Amino acid sequence: MKPRATGTRRPRKTRFSVTFSEGASRALITVGGIGTIAAVALIFVFLLWVVVPLFTAPTVEAAERLSAGSLEAPRAVLIDEYQLLASTLDADGTLRTFDFASGEKIGERKPLEQRPSAVSLSPEGRDFAAGFEDGSVRIGRFGYRSYFPPEAELAPELRAIEDGVVVRYEDGVLQRVQDGALRFQGIDVELSDPLSMRKSTPIERIAHTARDDGMVLCVWTDGGLIFVETEERTNFLTGEVVLDLSETELAYEPDPSRGTPDYLLLVGRGDNVLLLWEDGRLERVDVRDPESASVVEVVDVVPADGEVVTALSFLIGKSTLVVGDSTGAVRSWFRIKPEAAGTPDGTVFVPAHRFGSTGSAVTALAPSPRSRLISVGREDGTVQIYQATTEALLVELEVGPDAIRALSMSPKEDGLCVLTAADEVMRWDMDPRHPEADLTALFAPVWYEGYEQPAHVWQSESGTDEFEPKLGFLPLIYGTLKATLYSMLFGAPLALFAALYTSEFLSRRLRTPIKSIIEMMASLPSVVLGFLAALVIAPVAQTVVPATLVSFVTLPLALLLGAYLWQLLPQRLSIRWSGWQRLCCMGLALPVGVLSALALGPWVEGLLFAGNIELWLDGQRGNGVGGWLILLLPLCALLWTLFGGRALGPWMRRRSANWSRHQCAVLDIAKFGVGIAASIGVALLVSSLLDGAGYDPRGSYVGTYVQRNALIVGFVMGFAIIPIIYTLAEDALSSVPEHLRLASLGAGATPWQTAVRVIVPTAMSGLFSAVMIGLGRAVGETMIVLMATGNTPVMDMNIFNGFRTLSANIAVELPEAVQNSTHYRALFLAALVLFAMTFTLNTLAELVRLRFRKRAVQL
Amino acid sequence: MEERTIEIRPPGVASKEVPRMMRSQAGGQEPAGIPESNATLGGLFEAIEQDRKFETVVHDSARDDNPVLEIQEFRLWYGEAQALHDVSMICPQGKVTALIGPSGCGKSTLLRCVNRMNDLIDSVRISGDMLLNGQSIYDKGVDVIELRKRIGMVFQKPNPFPMSIFENVVYSLRIDGERDRRVLQEVCEQSLRGAGLWKEVKDRLDSSALALSGGQQQRLCIARAIAAEPDVLLLDEPCSALDPIATGRIEELIEELKGTYSILIVTHNMQQASRASDFTAFMYLGRLVEFGSTEDIFLQPKLKETEDYVTGRFG
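Heads up: the sequence lines are chains A and B, in that order. In this text, residue positions in the first sequence follow the working numbering: the first is 2, and each later residue adds one. In this text, residue positions in the second sequence follow the working numbering: the first is 45, and each later residue adds one.
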């Protein structure tokens, strides 16, 4: 190499291999380092990539329009799955079908043959019931029918259709679809024969709903209500399907002044009948037992005076009724079951949600056939689409000057079809994205159908389409924090004290092997710990709950008592025996504590918990004193310690200045005994007072005992985080400069005083960062919480109840989530939240550790 | 390790047998010189290196009937390696005793043994004894914590605790459980005045001790040590990390503390030993070579090796 910047030539050359390996290793390290950072960043970007569509705005685009000619009082407009056809249904039962491609009418028929006197259409417009003047009813369903006709039977010009082109064929259309086949699309009507009722008076109103075993109808005829259950019966000789009707005349006394209700509805599976008059009076009739049906509740769904109901519709599932009125207000109502309902059936019909403000009168309402969207058409020709759970306005359209007569959303929720007063049919392409998972739904309390009040709930999916997904993240975050809290409560003190012991008290020879052994605990797979927790510890703990609780008291007491008794030894002996003899005595205190806990357990259970702690926890027996006592005892002991140290200590020191060592030791034991008695006494007193004042700890921090609970998880997960906290804390403590330790010991401080007064304060930030890293580990821990918590997403501080954490939730639900569905993306959001939590914790820990290192350099 | 007999006893220890060396001195016939038994070996250092028998030279001046600290035939092993061989000496009450000698000669080890800091090292083994005010330090029934409260120690590197100046000074009271604010303040002021630091820090007692300069920190450590009112103050090269001015302050301080406290100081600085101490002990490879009043050691050493060392002609 040439000499550089030195001016003289160096006699020795650096070998090429040296420069090469230098360069190569530099490159390798750079690639590795950047690669690691990039990998972490990529995970973040990927999570974000999946999550972001949750929050993108829905899109809607005008697609096609056609003129339907002139319609006579159209009741509904329907659209098929592929959005090729639109159908209108007139009040007289005329069904017209139009083809969007040509804009022409391709069919018109009257399947009902005669004009119905009352029609009931299901919210998504698929099944219906019609009543006639002669008192008969017919039930049926509209259906768009798709099939693939054999190409050989088709005319040659039809066989030559190209991709995407739509051609009329018979009463429908043909389209060549992606895999090359020709698909026929047309409308079909299934219809029962006219079913005669017992009465042959004209049917004025009809309502219907589907049950698993057949349709349920309710008709208003001759000024009374008749409840009709239908049953399909197959004649097994002829194969003919016969519908059997069982009619029940409801004991409903109509108010003659009010006349015929304007709307008649059946709720859900047909357990309630709703009678609604235009002015907003709604009477709810409980028909769970039709024989003894009665009006259970009357509400006014249009609070404004003089205004009338102009449109109404059920949401999917027929539990939520959406009412639009002439002021333009749209409200959704459903039944809830509050504790003090005041109605005979225990439920109350409440206006839970309100969509938008007042404005132009509502003329049409149409729910989505697959989710909880509701589209609202108005007098002024505007259309809005709302999410019924979150009340969010997704889409607002200015259709035109004419009022909206009817609208419907396509079965796949990818299109909207509108029929205006000018008899124009219009279609929009739309993509609602993921409206049920906006920020409000995820993080704010939401009023779900059937819930008493807005709540945070996680219940992501169910078997049916009618299910309302509940994507509240808070129960999961709460569960995560609960798991973390309880495991830290157990693990952190243990790990920190173990670290303090190894770094300050253990002989140097033993330090390294012991540290390695504890670190080896970290290599125990968490699934093994989870297995142990769920199948070994949880069942055992359930049988020894009182003893476990009592051991929290007896174990420390046994150790402390041992220490005080030790002081009674003559000084010569206590100093001479400060080695293994003292350790043995300490070892003795542990089994003494455990055994006394086992012995006292049943006694305490009988005394404080009315003989059975599980029933007591469940609130079935006993009073709150025992629970308060257990909760307050540590607090009282702490207060006594403070009082003893601050107030009693100096006084006792002054009095006992000239006493002998033995006398002082006896005094100490006496003080200890008095302290125990005082703590228990005060705790008992306060407990009785609290219980007397009506406060019961059950239901908050303690409550119903579930076998797999936070206590078990705290214990086992504490075990999992001990190694990491221990290692980092031990490092922090050991890195306190030796000269500080020597200075303190040299000044005559005991090792304990040295540790508490000098070492721990100096290493504080290191200990803090150890705890934070432990927190990070606990937050992300999956397997243990998955196996040992029961995975119930409840928000409940009760230590004896289970919970569901973010991580366990992802593990449980992700395999079942449909890719790119709202649920799937919400789970990725859970992952992102988890990532953010651990990232924040670890960054915080790292920042503190850096500060600590800077300070350590100063020492 | 083979135990060798030594023939001398330190002054102040009742013994029927009067060591030869003492006899020659007692005669006062010859000027300060090398005892015969050592002279014949052809160089004392060589003799020590070859682990041969030799005798400590103790000057008459280094006798005291009532020493605060008395070291008796003290030996110490780190594992298998012997670090101290039969060291016997005294620290007179209210005087400054300096330990000098080349690095690794066991001065600091000896010093740490006085307040049993070497207990903290697992592999240490000792024989012999040390008496504090006539009572054994190494007796099995001795409470080490109590002992250390009576023997203050200041280390080579200033090591204030990462707390306020005030808390540093009153540390020894805190660990005794003293909470009376007045007592603490009084002791703090007294000790800081004693350490000559009061004027400099009286306005910032609550600021961190780590913000002080090296010399101030070392004086703070001395203040911390004297706050416990110890019987003996052990100074382990207290000035080696300090500049000459700070060193000067510390030496003045030692001069002031003398009389109130008995001080045992380890130093590498010959001038410091000659200026600040009343007695000087010269050690070499774990052995006490010569012990006497500072005047004697520096002006009339009996061994040529001592003379070479104190005049800088060593080696």
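These aren't lab readings, by the way, just hints derived from the structure by calculation. All of these numbers come straight from a predicted model, not from anything done at the bench. Glycine included, C-beta positions come from ideal geometry on N, C-alpha and C. Among the hints, erroneous ones may be present.
To be verified - Label-pair ranges, simulated between beta-carbon atoms:
| # | chain 1 | residue 1 | chain 2 | residue 2 | range |
| --- | --- | --- | --- | --- | --- |
| 1 | B | Gly148 | A | Trp753 | 29 to 37 Å |
| 2 | A | Lys14 | B | Thr355 | 27 to 35 Å |
| 3 | A | Val541 | B | Glu190 | 29 to 37 Å |
| 4 | B | Thr355 | A | Leu584 | 53 to 61 Å |
| 5 | B | Arg223 | A | Ser701 | 32 to 40 Å |
| 6 | B | Glu190 | A | Gln708 | 15 to 23 Å |
| 7 | B | Ser257 | A | Trp660 | 40 to 48 Å |
| 8 | A | Gln582 | B | Thr355 | 53 to 61 Å |
| 9 | B | Arg223 | A | Trp753 | 16 to 24 Å |
Said to hold, decoys possible - Stretches of chain B that chain A covers, calculated by requiring three or more beta carbons in the stretch to come under 8 Å of a beta carbon on chain A:
| # | stretch |
| --- | --- |
| 10 | 109-122 |
| 11 | 140-148 |
| 12 | 318-329 |
| 13 | 340-350 |
Claimed, not checked - According to the in silico footprint, chain B covers these stretches of chain A (three or more CB under 8 Å from chain B):
| # | stretch |
| --- | --- |
| 14 | 345-356 |
| 15 | 572-584 |
| 16 | 730-744 |
How the hints compare with the structure:
In this structure, Gly148 (chain B) and Trp753 (chain A) meet the distance hint of 29 to 37 Å, their C-beta atoms being roughly 34 Å apart. Under the hint 27 to 35 Å, the C-beta atoms of Lys14 (chain A) and Thr355 (chain B), about 50 Å apart, miss the expected range. Distance hint check: the CB atoms of Val541 (chain A) and Glu190 (chain B) are about 48 Å apart, inconsistent with the given range 29 to 37 Å. About 55 Å separates the C-beta atoms of Thr355 (chain B) and Leu584 (chain A), a value consistent with the hinted range of 53 to 61 Å.
Between Arg223 (chain B) and Ser701 (chain A) the beta carbon distance is about 38 Å. The supplied range of 32 to 40 Å therefore holds. For the hinted restraint 15 to 23 Å between Glu190 (chain B) and Gln708 (chain A), the CB-CB distance of approximately 54 Å leaves it violated. A C-beta distance of roughly 46 Å is found between Ser257 (chain B) and Trp660 (chain A), which places it inside the suggested range of 40 to 48 Å. For Gln582 (chain A) and Thr355 (chain B), the Cβ-Cβ distance of about 55 Å falls inside the hinted range of 53 to 61 Å, so the restraint holds.
Arg223 (chain B) and Trp753 (chain A) have their C-beta atoms about 18 Å apart, which keeps the hinted 16 to 24 Å range intact. Check result for the stretch 109-122 of chain B against chain A: violated, 0 residues qualifying (beta carbon to beta carbon below 8 Å, three or more required). A count of 0 residues in the stretch 140-148 of chain B with a Cβ less than 8 Å from any Cβ of chain A is obtained; the coverage claim is therefore unmet, three being the minimum. Counting residues of the stretch 318-329 of chain B whose C-beta lies closer than 8 Å to any C-beta of chain A gives 0; at least three are required, and the coverage claim is violated.
For the stretch 340-350 of chain B, the stated coverage by chain A is not satisfied: 0 residues place a CB nearer than 8 Å to a CB of that chain, which falls below the threshold of 3. Counting residues of the stretch 345-356 of chain A whose CB falls under 8 Å from any CB of chain B gives 0; the rule of at least 3 is not met. Remark: the stretch 572-584 of chain A is confirmed as covered by chain B, as 4 of its residues place a Cβ nearer than 8 Å to a Cβ of that chain, reaching the required three. Restraint check on the stretch 730-744 of chain A versus chain B: 5 residues with Cβ-Cβ distances below 8 Å, three needed, restraint holds.
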